[in-house]
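Novice: For reference, the chains in residue letters:
2 protein chains.
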Amino acid sequence: MRAIATAVLMMAMPALAAPVRDPVAGAALLRDRALAENSALAIVTGLTTEIGPRLAASVPEAHARDWMAAEMTALGLAKVHIQTFAVPHWERGVETATTIGPNPQRLMLTALGYSGATPDAGLDADVVQFADLDALKAAPAGSLAGKIVFIDHEMRRAQDGSSYGAFNAIRTAGPAIAADKGAAAYLHRSLATGPARLPHTGVTRFPDGTKPIPAAALSVPDAKQLARLVALGPVRLHLVLTPRDLGPGTSGNVVGEITGTGPDVVLTGGHLDSWDLGTGAIDDASGVAITLGATKVIADAVKTGALPRPKRTIRMVAFGDEEAQGPLGGATYLKGHPEPVVFAVEADFGADRVWSLRSRVAPAAAPAVAALARVLAPLGIAPSPLPAFGGEDIAAAVQGGAGVVDLAQDGTHYFDLHHSADDTLDKIDPQALTQAVAAYAATLWWAANSDVEFRPGPPH
Amino acid sequence: MRAIATAVLMMAMPALAAPVRDPVAGAALLRDRALAENSALAIVTGLTTEIGPRLAASVPEAHARDWMAAEMTALGLAKVHIQTFAVPHWERGVETATTIGPNPQRLMLTALGYSGATPDAGLDADVVQFADLDALKAAPAGSLAGKIVFIDHEMRRAQDGSSYGAFNAIRTAGPAIAADKGAAAYLHRSLATGPARLPHTGVTRFPDGTKPIPAAALSVPDAKQLARLVALGPVRLHLVLTPRDLGPGTSGNVVGEITGTGPDVVLTGGHLDSWDLGTGAIDDASGVAITLGATKVIADAVKTGALPRPKRTIRMVAFGDEEAQGPLGGATYLKGHPEPVVFAVEADFGADRVWSLRSRVAPAAAPAVAALARVLAPLGIAPSPLPAFGGEDIAAAVQGGAGVVDLAQDGTHYFDLHHSADDTLDKIDPQALTQAVAAYAATLWWAANSDVEFRPGPPH
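In order, the protein sequences belong to chains A and B.
Each residue of the first sequence is one higher than the one before, starting from 579 at the first, in this note's numbering.
Each residue of the second sequence is one higher than the one before, starting from 579 at the first, in this note's numbering.
What the hints contain is simulated information worked out from the structure, not anything from laboratory work.
Predicted, not measured: the structure shown is a model, and the values here were computed from it.
One thing to keep in mind: the hints can contain errors.
One copy or any two copies: either way a pair holds, since identical chains are not told apart in the list.
Claimed, not checked - Derived pair list, reagent style EDC-like, types lysine to aspartate or glutamate, alpha-carbon separation capped at 20 Å:
hint, residue 1, residue 2
1, K802, D1004
2, K725, D710
3, K715, D1007
4, K715, E970
5, K789, D1004
6, K657, D878
7, K802, D1007
8, K802, E628
9, K715, D988
10, K759, D710
11, K913, D610
12, K789, D738
13, K913, D738
14, K759, D644
15, K889, D1007
16, K725, D786
17, K913, D758
18, K913, D710
19, K802, D710
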C-alpha cells in the first residue's frame, strides 16, 4: 500500500521525482515543456508594445534595457545586470523623393542608417541607373558627378537567407562607391522579397576619407516604377533626406544567467535594439524572446527540481546595437565576462520555425550533435551537413574558440519584413515561435549539462 | 479545283471570310482572340507609369484624360471626346500621429478624403476606443467632447467584396457621428484585409450642419498596436492632419465608341480617377484597361471584317471622379448622351480573374444570358443565381432602365491593396487581367450585336 501511495504521489507531483541528469533526456523534457507554454509570445508582445522601436543609442533603447532586466529577473534568471558601451547616435529626418515633370510622382523611400543628408530644401539631380554593384564599380571615376545613382537589383526569397548575404553589399558598400565617383546621392531597390510598398533600411558604411552622401532604399514597387520611368526617358528627382548624426551615444547589453556548478559558460541571446521604422518584432525581439523564453523554461525546471543545476552556466544576453555597430555588443560581453564560453547559439533570424541544425564543433562532439538531432527531429528539424554560421552577437565568442550550432529558422518570408515598418507583432505566428523556443531550450540544456568538449580547436 | 483553292484561301486569310453574324459565335471568337493578346496590360502600365496617381480635380487627372483620349483613338475607337464636370478639389497634407509618453511611437495613418484638418501644429487628445459603429452611435451626446474616437473593427477577406459593403460606413459615416457627439478627431482601423503596414484612405462624408473633424485610417498593424496600448492604460495622441479644401475643381469623362448600325447603346467602362496614395493600378486603371482592351479587340475584329458592325453602339467611358463624388461621372455621361442605354457592364473591382456571372435583365432575356454563360464557362466563370449589382458609374444608366450583368472579379485580395499606397502595377497578374478582358469582350459583343431586349422594365 505504502509503495503504491508513493508511486501515485510521484506521478501527481513530478517535481518530487529525482532530477533528470542525462542531458539528452533533459533536453527532450524541456522540448516538450516549452511546447506547452507561450512565454516567448508574451515577451515579444511586451517589448514591442510597451517600448516599440529601439534604435541604438535612443531613449527607448535605454528603456528597453530596464524593461528587459526586470523581465529577466521576473522570469527567474540570476545575476541580471546591464553593460553599457558607447556608439554613434544617428537619427532619421524627413525623407521624400518626387519625380520632376508634368505629373510629379512621390516615390517611397527611407534613408539608410548613417546616410548623409541633402540640404534641408533637398536637391534636384538626374538619375543614372545601374543593374548591379559590378556595373557601378565599372563606372569611370568622376562620371557620376552630381548624379543620383540608382541600383535596381532584385533579391529573391531563400529559406536560408543566402540571397541577403549575396546582395547586401548593394546597401552596405554601394553608397561609398558612388560617393567616390562623385555621385550626389544613392538609391537602391530595397533588399526585400515582399510586395509591400514599404522601404527597408539598414546600415551603410562610409570609410574614412569618403564623405557620406545621402543614401536611401526605395520600396520594391517604387524601384520598379523608377526603372520603368528611366526606360521611358531621362528622369530627374527632387530628393530630401535630412538624417542627423547626434554624436556619441550609449547602447548596452542586458545579461542574466542560470548559474552552473562549473566554471564554463553556454552563451545565448538575441539583440535588443532594432531599426526605427517598425517595432523590431522579428528583428530581433523574437530572437530575444525565443532565447529568454527557452532560458525561462529551463529555470522553471531547475527551480522545481525536475532538472538539476546545470554543469555549465547558461548565460542569456540581450545585446545592444547589433544593427549599426554589429560586433560591439558581443565584444563588450566578452570583455566583462572572462569565464570560458564553450558553446554558443544565437537567435537573430525572425520568428519562424527552426528547420535545420548546423554545427561547428570539435570532431569528437559529433555523436553528441547526433543525439541532439534526434531530440530535435520531432520538431521537424533536420540536421544539415553545412557548418554553422553563428551570428554577429556571438561572433567574438566563436572567434574565441566556442563551439557553435545554428538553429536555422525558416527565412523564406523574413526579408518581406526585415528592417521595414512592416516588422511588427502581427506578423508573428505564435505556433512557429513556440517551436523555436522548444528547439532552443533543448539545445541549451543539452550543451549546458554536458561534459562534452564542443570547442573545435585547442582550449583557449 | 477552284472551290478547293477558295477554301484554302479562306482558311489562310480568315479576314476575308464572311463576318460572324451570330452574337454568341462572335462572343466566342472574341473570347479566344482576347486571350491571345495583352493590350490591357499595356494600357494599365502606361496610365500608372506615365501619369501615376490621378486624384479627382488634380492636374494629373486632367492629363490622364488627354492620355486616355489619345489611347482610345490609337486603339481604333470612334467619336472620342471629353466631358468635364465640376467637383470639389481636396488635397492631402501632413499626416502623423504619435503616442505621448516615455516611449513615443509613430502610428501610420492617412487622412480620409474630405477630412477636416487639425491646427498646423496638431492637437493632443485622449483616445476613446469603440468596438464598432453601433457602440459609437450609443455614446451619449457630448460624451466625446475633445476626445479622439477610435474604432477598431476588423474586416475579413470575402471573394465577393461583401465585407466592405457591410463595414464601410465606419469610414463614410463614422467621422460625422463622432463629430456630432463633440469628438476632436476620428481614427479607425483601415477597411483592409492585408497585413501590410499601410493605411487605406477613402471618402468620408459630413452632412450639412456637421463641421468636418480630422478623420484618418490607421494601418491594420497600427490599429492593433493602438488597441494593445489602450488595453494597457489611457493613451494620449499627438495628431497632425493638414488636408485642404481647394474650392471647386474640374473632373471629366473620356468617351469613345464602336458605332453600331442602330440607335441603342451598350455601355461599359471603369473610372479614370484614383486615390492619391498609390498609382490606382487596381482601382481602377485595371477596370479602364479591361473594358478598353475588350473594346479594342472588338474594334480590331470589326475593322478586319471578322465581325460585322454591331447592331448597337458599344460605348466605352473612362469616368471621372468616381472615388469622391461617385455618381457624378455616370450622371454627366447620361446628360450628354441621350441615346437609350439598353445594357451596361462596368469594371471596378481590380485586376483579378472573373469568377461569377450575375445578371439583372428582362425575364425573356434569360435564355440569352444562359447562352453567354456557356461562352464564359471555358474561362472558369460560373453563372450565379444572385442579381447583378452594377456599380457606381453605370448606376444612373441602370436606374434609367438598362439591363445589367456583373462580371464579378475575384476580390479575395482586392482589399489588401484598395485605396492604399500598395495599389501599384506590380500587384497585377497579367494572366488574370487577360482572362477578364476575354470575358468583357465576349459579353460586350453578345449584348451589342443582339436583338434581345435586356431592359427589365417597360421601355424608358
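Novice: Hints first: check each against the structure and report whether it holds.
Specialist: The hints, checked one at a time:
Only between protomers do K802 and D1004 lie at most 20 Å apart by alpha-carbon distance; the minimum there is 8 Å, versus 27 Å within a single protomer. Proximity of K725 and D710 under a CA criterion of 20 Å is satisfied intra-copy only: 17 Å inside one chain copy versus 51 Å between copies. Within a single copy, K715 and D1007 get their C-alpha atoms no closer than 41 Å, and across copies no closer than 35 Å, so neither meets the 20 Å cut-off. Proximity of K715 to E970 under the C-alpha cut-off of 20 Å is found in neither arrangement, the shortest distances being 27 Å within a copy and 54 Å between copies.
In the homo-oligomer, the alpha carbons of K789 and D1004 never lie at most 20 Å apart, since the shortest distance is 39 Å inside one protomer and 36 Å across protomers. Taking the shortest Cα distances, K657 and D878 sit within 20 Å of each other inside one copy (16 Å), while across copies they are farther apart (80 Å). Taking the shortest alpha-carbon separations for K802 and D1007, only the inter-copy value of 15 Å comes in at or below 20 Å, while the best intra-copy value is 30 Å. In this homomeric assembly, K802 and E628 come within 20 Å of each other (Cα to Cα) only across copies, at 13 Å, whereas the closest approach inside a single copy is 36 Å.
For the homomeric pair K715 and D988, neither the shortest alpha-carbon distance inside one copy (33 Å) nor that between copies (46 Å) is at most 20 Å. For the identical chains of this complex, K759 and D710 are intra-copy neighbours only, at 16 Å inside a copy versus 57 Å across copies, given an alpha-carbon limit of 20 Å. In this assembly of identical chains, K913 and D610 lie within 20 Å of each other by CA distance neither inside one copy nor across copies; the values are 36 Å within and 73 Å between. In this homomeric assembly, K789 and D738 never come within 20 Å of each other (Cα to Cα): the closest approach is 35 Å inside a single copy and 55 Å across copies.
In this assembly of identical chains, the alpha carbons of K913 and D738 never lie at most 20 Å apart, being 31 Å within a copy and 61 Å across copies at closest. Proximity of K759 and D644 under a CA criterion of 20 Å is satisfied in neither setting, with 45 Å inside one chain copy and 42 Å between copies. Proximity of K889 and D1007 under a CA criterion of 20 Å is satisfied in neither setting, with 34 Å inside one chain copy and 58 Å between copies. Within a single copy, K725 and D786 get their C-alpha atoms no closer than 22 Å, and across copies no closer than 52 Å, so neither meets the 20 Å cut-off.
Neither within a single protomer nor between protomers do K913 and D758 lie at most 20 Å apart by alpha-carbon distance, with minima of 36 Å and 63 Å respectively. When the C-alpha separation of K913 and D710 is checked against a cutoff of 20 Å, the pair qualifies neither within a copy, at 40 Å, nor between copies, at 55 Å. For a Cα distance limit of 20 Å, the shortest separation of K802 from D710 inside one copy, 14 Å, qualifies, whereas the shortest one across copies, 39 Å, does not.
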